[in-house]
Amino acid sequence: MSNTPEQANTTWAGGISDLSGVVLDAHFREVHERATRGNAGAPTWSHRKAAELHGALALAQVSGRMRIMLADLTVSLRLMFELRCVVPTMPEPGGELVIEDRALIGLTYPEEAIRAPLPGCAFVMLLRPAAVWLPNVGPPDPSFKGPGPGQPLCLGASIAAGTPVKELILQSYGALTMQSVQLDERDAAGLMNQEAAEWWLRTETPIPLAREGFLEFTPDPTS
Amino acid sequence: MSDRFQEFVAESSVANPSPDWLSARAPAYMGFEGNAPEVFAGKRVLLLAAGSVNRPVAELLTRLGVGRIDIVDPKRVKRESLLTHQGVRPDEIDEFKAVAAARACALLGTGTRVRYFVGGIQDLSHADLVGTDAAIMAPDNLDAEFSGGEVCQHLGIPLIHSSLFAEGLVAQCRVYANADAQSPTPACGFTAAERELHDGQVRFSCEGSPAGPATPEVVGPATMSPASLCSIAADLAVTQFLRLVLGLGDPVGDTMLEWCGFTHRTRISPLTCDGSCRSDHARFEVVRLPRPLGDYSLADLAAQTGGGNGTIDRTYVVGDQAWAERGICRCGRHQSLGRFVHPARPRAGQCPRCAEPIHCSPFFLHRKVSQQLVAPVRSRPLSALAESPPEWLLARSGPAGTLFLNPESTP
Numbered sequence: 000m001s002n003t004p005e006q007a008n009t010t011w012a013g014g015i016s017d018l019s020g021v022v023l024d025a026h027f028r029e030v031h032e033r034a035t036r037g038n039a040g041a042p043t044w045s046h047r048k049a050a051e052l053h054g055a056l057a058l059a060q061v062s063g064r065m066r067i068m069l070a071d072l073t074v075s076l077r078l079m080f081e082l083r084c085v086v087p088t089m090p091e092p093g094g095e096l097v098i099e100d101r102a103l104i105g106l107t108y109p110e111e112a113i114r115a116p117l118p119g120c121a122f123v124m125l126l127r128p129a130a131v132w133l134p135n136v137g138p139p140d141p142s143f144k145g146p147g148p149g150q151p152l153c154l155g156a157s158i159a160a161g162t163p164v165k166e167l168i169l170q171s172y173g174a175l176t177m178q179s180v181q182l183d184e185r186d187a188a189g190l191m192n193q194e195a196a197e198w199w200l201r202t203e204t205p206i207p208l209a210r211e212g213f214l215e216f217t218p219d220p221t222s
Numbered sequence: 000m001s002d003r004f005q006e007f008v009a010e011s012s013v014a015n016p017s018p019d020w021l022s023a024r025a026p027a028y029m030g031f032e033g034n035a036p037e038v039f040a041g042k043r044v045l046l047l048a049a050g051s052v053n054r055p056v057a058e059l060l061t062r063l064g065v066g067r068i069d070i071v072d073p074k075r076v077k078r079e080s081l082l083t084h085q086g087v088r089p090d091e092i093d094e095f096k097a098v099a100a101a102r103a104c105a106l107l108g109t110g111t112r113v114r115y116f117v118g119g120i121q122d123l124s125h126a127d128l129v130g131t132d133a134a135i136m137a138p139d140n141l142d143a144e145f146s147g148g149e150v151c152q153h154l155g156i157p158l159i160h161s162s163l164f165a166e167g168l169v170a171q172c173r174v175y176a177n178a179d180a181q182s183p184t185p186a187c188g189f190t191a192a193e194r195e196l197h198d199g200q201v202r203f204s205c206e207g208s209p210a211g212p213a214t215p216e217v218v219g220p221a222t223m224s225p226a227s228l229c230s231i232a233a234d235l236a237v238t239q240f241l242r243l244v245l246g247l248g249d250p251v252g253d254t255m256l257e258w259c260g261f262t263h264r265t266r267i268s269p270l271t272c273d274g275s276c277r278s279d280h281a282r283f284e285v286v287r288l289p290r291p292l293g294d295y296s297l298a299d300l301a302a303q304t305g306g307g308n309g310t311i312d313r314t315y316v317v318g319d320q321a322w323a324e325r326g327i328c329r330c331g332r333h334q335s336l337g338r339f340v341h342p343a344r345p346r347a348g349q350c351p352r353c354a355e356p357i358h359c360s361p362f363f364l365h366r367k368v369s370q371q372l373v374a375p376v377r378s379r380p381l382s383a384l385a386e387s388p389p390e391w392l393l394a395r396s397g398p399a400g401t402l403f404l405n406p407e408s409t410p
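Chains as they are written, first to last, in numbering that gives the first Met the number 0: chain A, 0 to 222; chain B, 0 to 410.
Isolated chain B, as found in the complex:
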C-alpha cells in the first residue's frame, strides 16, 4: 500500500544509539519487572497534532526511545508559536509543524523512526494507521478530536487526549482505552455547546469543485496559554503513556486526570459513554491477507468474516474507489455499470453505441456499497471489478467490521 507518511531521516550528531546508552537514565519503575526501554522501543505512537502540547510530547517520546512516532498536523509554525510551543525555534517559522517536529526528533539521535504527514487525521484512512500501538492527541479543534477518537476506537488504539483550560491553570489528560466498541470516545463527552461549536468550526469551500470532494477547513481557536502549562499537559500525557504501556499503578484506561495550578490538586474521574453521542462506536478486526486483495472476491472475504449472503446490512468500502451503479454516455444512452471506479474521475467502460467513455453520475456512485447492490458480482475477483488494485477493503455489519489489507510486501 502506498504510504501516506514520509520518513524523516536526519544526520544526527549522536551516532549509533546503543541499547545500553538508551537505558543509561532509565529508572527501575516500581511494580515493573521488565526492561522498560525495550518496551518503548517496540512501540509505534501516533501524534495527532504537533502544536503547543504535542510538540514537546514528540520530543519526550523520542527521548524515551519509542520505536516509531508518526506525526500528523496540517498547519505551519507561526511567529506566535514561539510563545507557546516549547522547542520551536525562529528558523522554523512558516515550516509545516509536522516537518519541524519530525526534524527536531530525528536530530536527537535516539534511533526513534520519525515519520510525518502534512494534513489532518480526517485525510488518512484506517489502513494508514494500522500497526499503531498508542495515539496522543492535542488538537485545536473539535473535528480532529471527533475524527481521531473514532478511528482510534475502530482500530482499538489507546488514545491519550491532552487539553488545557489556561484561564484556570488546568491541564487535563484523558486516556481512552478503546477496549471495545462500547468504550468512551472524545465525542462522548461533547456538551450541547461543543456539538454546536463542532458544526461551526468546519467550513468547506465548493469553489472549483464541480463534482469532486470539497476541501474542509477546520477553524479552531488559537491556544491561549503560557508555554509552561502546555508543557505540563505534555508531561502528563507522556506520564500517562508510560503508565499505560508499562502497566504502572492503577489502570489509566478510561480515566480523566486533571491538574489545577491554582490549588495544586489533581483529580481522577472515570470516562463513560451514555450511548447518545454522535460517535460511530464500532470495532474493526484487521486481517492481512496472504495474497493480494484483488485475488479475492467479496464472497471470499465475507466467508472470512463468518458471514454469507444472509447479512442484510453488510456494506463494503474498497480503498478510495466507489461503486459505479449507473452511468450515461455523451450520446445520451444510460448504462448499468457495476464496477469500482475512482470518484475523482468516474468513468467506466465504453458505450456500445458510440464507443465513448461512460460517465457515472455522482448520485449513482456509492462510496459505501451494500451487499444487495454487489450481489450479482460477489463471486468475481476484485481485480476484475476495480479500476486499480484495491489497497484495502472494509466490510462492515453494524458495529463490527473487518479491515482487509494486502500482504506486507505489496506496493
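Next up, chain A with everything else stripped away, as it sits in the complex:
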C-alpha cells in the first residue's frame, strides 16, 4: 500500500475520514490528469468533480481494493472500477448461494447530487458478477444467463446533497459485504429485491459476509 501516513511528502494522517492529504502516485495521477482534460461544466461543478475524483483515487490507492477501469468527468463524474470484496450471487434461481470475490461497479455522480437529495439507487450499478443476490440490489434479469445490463444497488431511502463519492464507495462496500443491511421487507427504504430479503431472513448463512474494514485488504499475489 503506497502513501502511508509515515511518508514524508504526505499530510494524510491515516484512516479514511480525510484523504485530501494523500499524494497520488504516478498511476493514479495519470488517471486523474487524463480525466481532468475532459472535465467540463460550471467552475464550481468542475472543481467539485476533480476533488471527488481525487478522493476516490486516493481511496483506491491507500486501500489497494479498487482497480479503476474508467474515470470520466465530461458531464457527470463517472467511475467504473473493480472492487475486491465478497459479493453474494444466486446464479440459479432457487439454487445455492455462490460468493464471488469482486464486483465491477459503475458509479455515476451527477451534478444534481451536490444540489438536492437523490434516491439511494441513483448512483451505483453492479455490472459484474451476474445475479447478485441482496435485498438492496435490483433483481437480476432472468432472461440473461450471464451478466446483463447491470443491477442497481440502493444505498438508502435518500442520499443527502453533497454526499462525497468516497462515502458512496464505502457504503457500497458495506452493502455488498452485508456489514450494513436492510432486511425489513415492510420498509421500502433501500429495499429492491423482496425475494432476496425474505431469503436472507431465513438463511443460516452468517451475516455480515465479511468483517474486514475497507483498508484491511491484503491482495492475493496470485490474482
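Treat the hints with care, since some could be wrong.
Claimed, not checked - Now the in silico label distances, taken between C-beta atoms and shown as ranges: (1) B:Q303 x A:L69: 29 to 37 Å; (2) B:E407 x A:G93: 53 to 61 Å; (3) B:A191 x A:G14: 20 to 28 Å.
Simulated from the structure, these hints should not be mistaken for laboratory data.
None of these values were measured; they are calculated from a predicted model.
In this text, a Cβ means the ideal position worked out from N, Cα and C, and glycines have one as well.
Dock chain B against the given chain A, drawing on the hints supplied.
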C-alpha cells in the same frame, strides 16, 4: 407536445363574461394609465401548490380576470384543510387539491382558463411551463421551493413566494424578478438548518423499481396557522402580483415583504444571492422552431445557439429520452449503440448475432449527453437518432441554455 395539464371546463351560472362586466369593479390604479383588466386577461399564471395560501390566491386571480391559471399540487384535501384553506368545502375532502381549486375557479365564470396538474413541480419539465408570465408558490416543503425557484429562474418567470410564521403572526411575500441568471432564488436564502431539512424532507422508495426512477415522496410539515393569516399571505401575494404586472409604485422585484400581526408593521428587505447557494443559476432562451425538432440535427441546433464544435462543455437533454452509449445482448455480445431511447425501456436495435433486442445498461445511459459523445452523429437529423419524435431539446453551455420546442401545432 403532449400537454401534461388538463383543462377544467365547468358550467358556470355566470355565462359569457364581457369585458365591461370584468371591468365593473376595476379601480383606476394610481400611476397606471392603461386598462388593468385587459392586462390581467393577457396573463398566464402558474400556481405551485393549492393549499392554505394558494387556494385563495387561485380564486383571487380568477376574480381579477387573469387569462389563464395553471394549478400544480400533488396532494388531496384533508378534513384538516377545512380549518386552514379558505374556500375549501366539506364535499372536497379526499379530492385532489389541484382539481378542487380548478373547479372552484372555473365556476366563478370570469372567463379565466383553468388548468391543473396533479403532481409536483418536480414532475414537470421546463417545456411544460413555457409561456408562463408569472408564478405564485406557497408549498409546504423546501424541495418544491428549491425546484420551483430553479425552473422559474431558468425560464425568466417572475416568482412570488408566500410563507408564514404563524406563531409570530408573520406573513412573508418574496418576489423573485428572475431578470437574469444572477438573480436570487428561494434556495439562495436557505440557512444551513434549512439545507439539512431539505435533505431530510425528501424520501424515495426503491421498492419495485429495479431499473427505473424511484418515486420521491416529499414530507413537509402541516400548515399550523389560522386561516386568517393564510388569507393575509394570499392577499399580499396577489397585491404584489398586481404591482408586478401593472408596474405600480416602487419595483417589487427581488424584495421580501413582511407583515407582523403583533406590531402591525411591514418591512421590505432586498433579496440577494451570494453565489454560495445550491441553486443552478442559469437562464434559458426559448426557441420555437419553424419545423419539427426531429428534422434538425444537433449541428443545426448548435449553429442556432451561436456555437459550433468548439464549446467543450455543451450538453444536450432530449425530451424524456436518454443517450444509449453501449448495450448488451442476451447472447452476451457488447454493442456500441449511439441513439436516444426512453430510460424506462432501454432497448436499442437488434443484435447482429442473435437478432434479439440490445439492452442498454443504465450506467451507459446518459440523460444529459456531452457534445463529445454525440460528435460522430451530430449531423444526422434527430428523427434518425431518437426512439420517438423529441418533444423538446435543451442545449446548455455553462449558465446559458437554449430550449428548443416544436412548432405550436405539433401534437
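How does the Cβ-Cβ distance of B:Q303 and A:L69 compare with 29 to 37 Å: does it lie in that range? holds (33 Å)
B:E407 and A:G93, beta-carbon distance inside 53 to 61 Å? Roughly 56 Å apart at Cβ, these two residues keep to the hinted range, so it holds.
Check the following: the C-beta atoms of B:A191 and A:G14 are separated by a distance inside 20 to 28 Å. holds (26 Å)
Of the numbered hints given earlier, the model fails none.
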